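**Q** Single-letter residue listing:
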Amino acid sequence: MDHIEHLEHTESPANMKKQIWNTFYVLLVLTVVDIAFYFALLSSHSIYKNILFVFLGLVKAFYIVSVFMHMKFERKFLASIIILPMLFICFLIWLALTEAGYTFDSRLF
Amino acid sequence: MSNTATLSTDNKQSWGGGKSPLSISYGKLMMWIFLLSDAFTFSSLLVAYGFVRFTFTTSLPNAIVKPFSHLSHTFTEEMQKAGMFVVERWPSPELVFNHFPFLHGIHLPLMFVSLMTFILIFSSVTMVLAVEAGHRMAKKEVEKYMIWTIIGGAAFLGCQAWEWTNLITEGASLQNNPFGPTAFAALFFIVTGFHGTHVLSGVILNIIIYINVVNDTYEKRGHYEMVEKVGLYWHFVDLVWVFVFTFFYLI
Chain G
1 MDHIEHLEHT ESPANMKKQI WNTFYVLLVL TVVDIAFYFA LLSSHSIYKN ILFVFLGLVK
61 AFYIVSVFMH MKFERKFLAS IIILPMLFIC FLIWLALTEA GYTFDSRLF
Chain C
1 MSNTATLSTD NKQSWGGGKS PLSISYGKLM MWIFLLSDAF TFSSLLVAYG FVRFTFTTSL
61 PNAIVKPFSH LSHTFTEEMQ KAGMFVVERW PSPELVFNHF PFLHGIHLPL MFVSLMTFIL
121 IFSSVTMVLA VEAGHRMAKK EVEKYMIWTI IGGAAFLGCQ AWEWTNLITE GASLQNNPFG
181 PTAFAALFFI VTGFHGTHVL SGVILNIIIY INVVNDTYEK RGHYEMVEKV GLYWHFVDLV
241 WVFVFTFFYL I
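Line by line, the protein sequences are chains G and C.
Going by the working numbering, the letters in the first sequence line up with residues 1 to 109, in that order.
Going by the working numbering, the letters in the second sequence line up with residues 1 to 251, in that order.
Next comes chain G alone, as it looks inside the complex (with noise of 0.2 Å):
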């Protein structure tokens, strides 16, 4: 014990063993609803599929990055620091796939 530092950190909740295994079933359910809707839905060409499966990749991302990534216990303006900036990423897919459309119409085999 030649060197102890100090560290400033958030705190686990005491139940935290308890909350990662619940991610991970819920996780795994997911998983396995995603499968189950992809055959289900195997000849559906809406869009609203899609939005389907963007949503329940968008849950479990909430759930890895609030209890794995321990966001859920940081403070408040370091979630916002990391998560606002990705609203670009928003604008970027609305841009590529309006201008996509236009492609598709335009395309030549």
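Read the hints as simulated data drawn from the structure, not as lab findings.
Quantities reported herein were computed from a predicted structural model and do not represent experimental measurements.
Mixed in with the good hints there might be a few duds.
Claimed, not checked - What follows is a set of in silico ranges between Cβ atoms, one per label pair, in the way DEER data are often shown: (1) C:His-73 / G:Ile-81: 27 to 37 Å; (2) C:Phe-34 / G:Phe-39: 14 to 24 Å; (3) C:His-73 / G:Phe-62: 40 to 50 Å; (4) C:Ser-69 / G:Lys-76: 44 to 54 Å; (5) C:Thr-165 / G:Ala-61: 49 to 59 Å; (6) C:Arg-136 / G:Ile-47: 45 to 55 Å; (7) C:Leu-103 / G:Lys-76: 44 to 54 Å; (8) C:Asp-38 / G:Ala-14: 28 to 38 Å; (9) G:Lys-18 / C:Ser-23: 15 to 25 Å; (10) C:Trp-15 / G:Ser-106: 46 to 56 Å; (11) G:Ala-14 / C:Ile-64: 25 to 35 Å; (12) G:Ile-47 / C:Ile-207: 39 to 49 Å.
Said to hold, decoys possible - Taking lysine-lysine and the PhoX-like style, the derived pairs with C-alpha atoms no more than 20 Å apart in a straight line are: (13) G:Lys-17 / C:Lys-229; (14) G:Lys-18 / G:Lys-72; (15) G:Lys-17 / C:Lys-144; (16) C:Lys-220 / G:Lys-18; (17) C:Lys-140 / C:Lys-220.
All C-beta atoms, glycine included, are put in the ideal place defined by N, C-alpha and C.
Once you have looked at the hints, place chain C on chain G.
**A** Just chain C now, with coordinates in the frame of chain G:
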């Protein structure tokens, strides 16, 4: 002395210096900033995938091959003749990713990639359990969970190598794609390859951390925060896989 005491208790003085205003160490904050930049890189690749995909005709629903049915050696050629694998049309993922090791010749759509997803989720759980054990300074437990995380990561890489070999054997590459548009194979190899590179570096980092744990490096330091930092990276790799799985295999 009394001055420092007021600094650490008064919330308005969070930014007054002398302590972390976000209650997080410098190294961990920088890991978060790096992950934000990496998230932008991955989203650009996935948005590029979405763009290219929307410029092609949507895939035909498969009414020919049923799950568990036998696949002939000329399956790809048959699908090309049936109009499922043509250059104008984005292929249906269940007809491309339908192989499973040791069950050669059986149509098992998306089963292998689901297994890969479970492996990665499980290795994420063992990683966060190692972090939790680190908080309690339980060295033996950290060692145990780090080993499981390394095994999970290596297993995932092995699965990916097997899947790549399979697709390359069928003729898929950055410039060629028997399943339809060339961009499909190119984007698949670039995005899963970039993700696989992240998994590989994650496994290497995990091995370094494991060696340090065994050598009492963090025991002497007084905390296991290094496990947390690499853990953040490892969970991010799992997080990216959630979206790679969604866009390449499900949609």
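**Q** If a hint holds in the structure, say so; if it does not, say that too.
**A** Going through the hints against the structure:
At about 55 Å, the CB distance of His-73 of chain C to Ile-81 of chain G disagrees with the hint of 27 to 37 Å. At roughly 38 Å, the beta-carbon separation of Phe-34 of chain C and Phe-39 of chain G lies outside the given 14 to 24 Å, and the hint is violated. For the pair His-73 of chain C and Phe-62 of chain G, the beta carbons lie near 44 Å from each other, so the given range of 40 to 50 Å is met. For Ser-69 of chain C paired with Lys-76 of chain G, a C-beta distance near 53 Å keeps the hint of 44 to 54 Å intact.
The hinted range of 49 to 59 Å is not satisfied by Thr-165 of chain C and Ala-61 of chain G, whose Cβ atoms lie roughly 30 Å apart. Separated by about 48 Å at the C-beta atoms, Arg-136 of chain C and Ile-47 of chain G satisfy the suggested range of 45 to 55 Å. For the hinted restraint 44 to 54 Å between Leu-103 of chain C and Lys-76 of chain G, the CB-CB distance of approximately 49 Å keeps it satisfied. In this structure the hint that Asp-38 of chain C and Ala-14 of chain G lie 28 to 38 Å apart at CB holds, the actual value being about 32 Å.
Range check, Lys-18 of chain G to Ser-23 of chain C: about 24 Å between beta-carbon atoms, so the 15 to 25 Å window is met. The hinted window of 46 to 56 Å between Trp-15 of chain C and Ser-106 of chain G holds, with their beta carbons roughly 53 Å apart. One distance hint, 25 to 35 Å for the beta-carbon pair Ala-14 of chain G and Ile-64 of chain C, is violated here, with the actual separation near 56 Å. Between Ile-47 of chain G and Ile-207 of chain C the beta carbon distance is about 44 Å. The supplied range of 39 to 49 Å therefore holds.
At most 20 Å may separate the alpha-carbon atoms for a hinted pair to count; Lys-17 of chain G and Lys-229 of chain C meet this at roughly 19 Å. This hinted pair checks out: Lys-18 of chain G and Lys-72 of chain G have alpha carbons roughly 15 Å apart, not beyond 20 Å. Between the alpha carbons of Lys-17 of chain G and Lys-144 of chain C the distance comes to roughly 16 Å, so the proposed pair stays at or under 20 Å and holds. Note on Lys-220 of chain C and Lys-18 of chain G: the hinted pairing is violated, with a Cα-Cα distance of about 29 Å set against a maximum of 20 Å.
Taking the CA atoms of Lys-140 of chain C and Lys-220 of chain C, the gap is near 15 Å; set against the 20 Å cutoff, the hint holds.
Taken one by one, the earlier hints fail for this structure at numbers 1, 2, 5, 11, 16, listed in ascending order.
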